[in-house]
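A.B. asks: Read off the chains here:
2 protein chains.
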Amino acid sequence: MTDTPLSPGPLSPGATIGILGGGQLGRMLAMAAARLGFRTQIYEPGDAPAAQVANGWTRAAWTDEQALAAFAGSVDVVTYEWENVPAETLDLLEASRPIRPGRAALRVAQDRLDEKRFLEGLGLTVAPFRDVPDLGALTAALAELGRPAILKTRRLGYDGKGQVRIDDATGAAEAFAAIEGADAILEGVVTFDREISVIVARGVTGETVCFDPGENVHAEGILRTTTVPAALTASQRQDAVLLAGRIVSALDYVGVMGVELFATGTGLVVNEIAPRVHNSGHWTEAACAVDQFEQHIRAIAGLPLGDGRRHADAVMENLIGDDMDRLPELLAAPDTRLHLYGKAETRPGRKMGHATRLTRR
Amino acid sequence: MTDTPLSPGPLSPGATIGILGGGQLGRMLAMAAARLGFRTQIYEPGDAPAAQVANGWTRAAWTDEQALAAFAGSVDVVTYEWENVPAETLDLLEASRPIRPGRAALRVAQDRLDEKRFLEGLGLTVAPFRDVPDLGALTAALAELGRPAILKTRRLGYDGKGQVRIDDATGAAEAFAAIEGADAILEGVVTFDREISVIVARGVTGETVCFDPGENVHAEGILRTTTVPAALTASQRQDAVLLAGRIVSALDYVGVMGVELFATGTGLVVNEIAPRVHNSGHWTEAACAVDQFEQHIRAIAGLPLGDGRRHADAVMENLIGDDMDRLPELLAAPDTRLHLYGKAETRPGRKMGHATRLTRR
Numbered sequence: 001m002t003d004t005p006l007s008p009g010p011l012s013p014g015a016t017i018g019i020l021g022g023g024q025l026g027r028m029l030a031m032a033a034a035r036l037g038f039r040t041q042i043y044e045p046g047d048a049p050a051a052q053v054a055n056g057w058t059r060a061a062w063t064d065e066q067a068l069a070a071f072a073g074s075v076d077v078v079t080y081e082w083e084n085v086p087a088e089t090l091d092l093l094e095a096s097r098p099i100r101p102g103r104a105a106l107r108v109a110q111d112r113l114d115e116k117r118f119l120e121g122l123g124l125t126v127a128p129f130r131d132v133p134d135l136g137a138l139t140a141a142l143a144e145l146g147r148p149a150i151l152k153t154r155r156l157g158y159d160g161k162g163q164v165r166i167d168d169a170t171g172a173a174e175a176f177a178a179i180e181g182a183d184a185i186l187e188g189v190v191t192f193d194r195e196i197s198v199i200v201a202r203g204v205t206g207e208t209v210c211f212d213p214g215e216n217v218h219a220e221g222i223l224r225t226t227t228v229p230a231a232l233t234a235s236q237r238q239d240a241v242l243l244a245g246r247i248v249s250a251l252d253y254v255g256v257m258g259v260e261l262f263a264t265g266t267g268l269v270v271n272e273i274a275p276r277v278h279n280s281g282h283w284t285e286a287a288c289a290v291d292q293f294e295q296h297i298r299a300i301a302g303l304p305l306g307d308g309r310r311h312a313d314a315v316m317e318n319l320i321g322d323d324m325d326r327l328p329e330l331l332a333a334p335d336t337r338l339h340l341y342g343k344a345e346t347r348p349g350r351k352m353g354h355a356t357r358l359t360r361r
Numbered sequence: 001m002t003d004t005p006l007s008p009g010p011l012s013p014g015a016t017i018g019i020l021g022g023g024q025l026g027r028m029l030a031m032a033a034a035r036l037g038f039r040t041q042i043y044e045p046g047d048a049p050a051a052q053v054a055n056g057w058t059r060a061a062w063t064d065e066q067a068l069a070a071f072a073g074s075v076d077v078v079t080y081e082w083e084n085v086p087a088e089t090l091d092l093l094e095a096s097r098p099i100r101p102g103r104a105a106l107r108v109a110q111d112r113l114d115e116k117r118f119l120e121g122l123g124l125t126v127a128p129f130r131d132v133p134d135l136g137a138l139t140a141a142l143a144e145l146g147r148p149a150i151l152k153t154r155r156l157g158y159d160g161k162g163q164v165r166i167d168d169a170t171g172a173a174e175a176f177a178a179i180e181g182a183d184a185i186l187e188g189v190v191t192f193d194r195e196i197s198v199i200v201a202r203g204v205t206g207e208t209v210c211f212d213p214g215e216n217v218h219a220e221g222i223l224r225t226t227t228v229p230a231a232l233t234a235s236q237r238q239d240a241v242l243l244a245g246r247i248v249s250a251l252d253y254v255g256v257m258g259v260e261l262f263a264t265g266t267g268l269v270v271n272e273i274a275p276r277v278h279n280s281g282h283w284t285e286a287a288c289a290v291d292q293f294e295q296h297i298r299a300i301a302g303l304p305l306g307d308g309r310r311h312a313d314a315v316m317e318n319l320i321g322d323d324m325d326r327l328p329e330l331l332a333a334p335d336t337r338l339h340l341y342g343k344a345e346t347r348p349g350r351k352m353g354h355a356t357r358l359t360r361r
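If you're matching them up, the sequences are chains S and W in order.
The opening residue of the first sequence carries number 1 in the UniProt record's numbering; numbering runs sequentially from there.
The opening residue of the second sequence carries number 1 in the UniProt record's numbering; numbering runs sequentially from there.
No lab work stands behind these hints: they were computed from the structure.
Every residue gets a Cβ at the ideal spot worked out from N, C-alpha and C, and that includes glycine.
A few of these clues could be false.
[To be verified] Under 7 angstroms between C-beta atoms, here's a sample of chain S residues computed to sit facing chain W:
1. R35
2. A289
3. P304
4. D307
5. A312
6. L331
7. A332
8. L358
Please put together the full structure from these sequences, using the hints given.
C.D. replies: Here you go:
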C-alpha cells in the first residue's frame, strides 16, 4: 500500500496487488504474486477460494462504494480475474488506482458485438455475425447467415452460457426467448480443423511474449483439454502469435490475454478474446519456468516479462464435477501435476481443478 | 477440521493441515497444500511469511496451552517446517492429532549426538565424533580426533550457528566459551570431494521416493547453490538413494527429509539429516512435476507419493541479504524461476528467496 501517488516504475516486493474476483484464476494469480514477494487483496462478494491464499479479502458487493474505497486504498494496482466486473465498480477504483489490463480491453471483451467489430477493424477474420437487437433482426440475420447459427447474448456469456444453437428445427422466436430477449448477436458456424488458443502477455513498456499455442477440446461449451504443441503448420503458428500481438498492441494492453482461434483451411478465425489469464493456459504452470499467472503479475507490476518457453509437451485436463472421483488415479499418475481449487462443494459442470501431464520431456 | 477421531485413511480435499513454524518452508508447504485443495493453519509466535498464503495463523507462544489446544482442534494433521519445536509443544498436540513426521525423527534430529549414534547404529558412516559435555572431555576429544575439528552444540544449530571451528590457534577453553558451555560434540573434519544431498519422501504405507541428488555449495555455513545432477558416479548415486531410504524406514518416517552427505574417495559420509523439506530441494519446484513441498503434503495427508522425476537440469541459487539488489537481472534471466519469500525486511545473512535456472531441458 502506498500513501503517495503511484510511481510509474515497477512495484517493489511487499507491494499489494488487488484482484477483482475470487475464483480459481484469482487464486492462482495470488499464488504467483506471493512467489514474487507481493501481497494480495481479493475483492469478491461471493465465495472466494482465492482468499484462502491471499493476504486479505474484501467481501462486499460490487457497488459498495465504501468497501471499494477501502480496497483501493489498500492496494498499489488493481487487476481482475473476471472480465464482467461492472463498469461502475471500475470507475470508482480507477479514480485512485491503476487498473491493469486497462478499460479499453474490458469494454471490448464485455460486449461480443464490440469485440467482433474491434477485431474486424484490425483486419482479422472473425465468424460472420449480425447485430440482433430484436426478433425481426434475428429473422433477417438467419436468412443471411443460414442455419445452423449461434445466437449469443452480447454481454455476460462464458463457458457456453448465454448461447443458443439454432438449427433447422429451432424457431427464431424460441431461440430469442431462450436468451430472454437480451441484446444479442447471431454468429455463423465456422467449419474448423481445430480450436487453438494463444496466451499472450504484454508489459508496460510494450514488449510482447506469447506462450506456444495450445490445442483445445471443448464439450458442452466447457474446455476439457488443452494440448501443447497444437498440431499447426509453421505458418499457422506464426500467424497465431502475430495476430495475438496485434490485438494486445492495439489495446495498449498490460497483462495476459487469452485469444481463442479456429484453425481453418483458409486461415485463422478469431473466436473470442479474454482479457485475463485463461483456462487454456493452465498447462504453462507445469511446462514453463514462468507460467501465465506469473507472467500476468509481472506485467501489471511493471516488471520485465519472463521467459515463457516450454520445456515439455503437455496435456492439461480440466477436472469438472464428478471428475473429482478420479483423484486417486490422478494422484498416482506419472509425470502429472495436479492442481485443485479449494472449492468446498463439487457440483456438476463446476471446475474443481486441473491436471497437467507432461508427455515429452 | 474433524470432530470425529481421525480415520487412518487419506485426507480429503478441504481438510486442514496445521504447520508449526511460519517461515519460507512453511510458506511453500502451505502453497503446495493449497494446490492439492487442502486448507492450512500456521502456528508461529513471530513473523510469519507463511501466514500470507495460509487460511489461518495462530500467533502464540510455543507453550501457550490454550492456543495449542485451539490449533489442534482446527486441524486434521500437524506437520512442521522447523525441527526445533519444543518437546512440550509436541506433547500437547500429539495428545489429539497425529504429528507427521513422527516424534522419533524429531528426537534424533534435535540432538546431534543422538543423530550420530542413530546413523552409526544403521551401519552408516558419519564424521568421527566425541561427546563433549565439559571442557575436560573436549581436551581429550581434541587429542583423539586432532585439529582442525568442529565443536557443535548438541541442540538448536542451523545454518552454521552453534558451531566453532577449532584449528591450531584455537584454545579449547576459548571454543567452549564461544558456544556458552552448551552440551556439545566434537566432530573431526571430513575431507570430501563434494557435498550432496538427497531429498527423500516416505508415505504412510512405507513407499519411498527420492529426488535426484543435488550438489551443494555452502559459504559461511549457509547454502548458496544446489546443482542437479550432482557430479556422482552411478554407484555413489545409488548409495545415496539407498542410504536415504534406509534412514527414513528405520524411523518409520512419514514426510520429506533432507539428508546431507559428503562424497569422499572412500564412500559417502552422512553429515546431517533434517526431518523436513530442505533448502537443497528447492530446485524441484522448477524441474519436477511434483516438488518436495507437494511430496511432503502428499505423504502427511496419506496420499500416494507423486512422480518426482526431473525433467530438466537445474541450478538453484539462494538469494541472501543484498542478493535482492540483483532482482532486475534475475527477473530478466532466461529459463529462470524466481521465488521470493515475502519477508518485510532484507537483512545480511537472511534468506530472502531463491532462483532456479533450468540449464538443460
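A.B. asks: All the hints need checking, so say for each whether the structure fits it.
C.D. replies: Now the hints, each set against the structure:
A least Cβ separation of about 5 angstroms between S:R35 and chain W falls short of the 7 angstroms threshold, and the interface hint therefore holds. Contact between S:A289 and chain W, as hinted, is supported at the beta carbon level, the nearest pair being about 5 angstroms apart and thus within 7 angstroms. For S:P304, the interface hint holds, the least distance from its beta-carbon to any beta-carbon of chain W being 5 angstroms, beneath 7 angstroms. Of the supplied interface hints, the one on S:D307 holds, with its beta-carbon coming within about 5 angstroms of a beta-carbon of chain W, less than 7 angstroms.
For S:A312, the shortest C-beta to C-beta distance to chain W is roughly 6 angstroms, which falls under 7 angstroms, so the interface hint holds. Of the supplied interface hints, the one on S:L331 holds, with its beta-carbon coming within about 5 angstroms of a beta-carbon of chain W, less than 7 angstroms. With its C-beta approaching chain W no nearer than about 5 angstroms, S:A332 sits inside the 7 angstroms limit, and its interface hint holds. A distance limit of 7 angstroms between C-beta atoms decides the matter here; for S:L358 the minimum to chain W is near 6 angstroms, and the interface restraint holds.
Against the hints set out earlier in the document, no violation occurs for any number.
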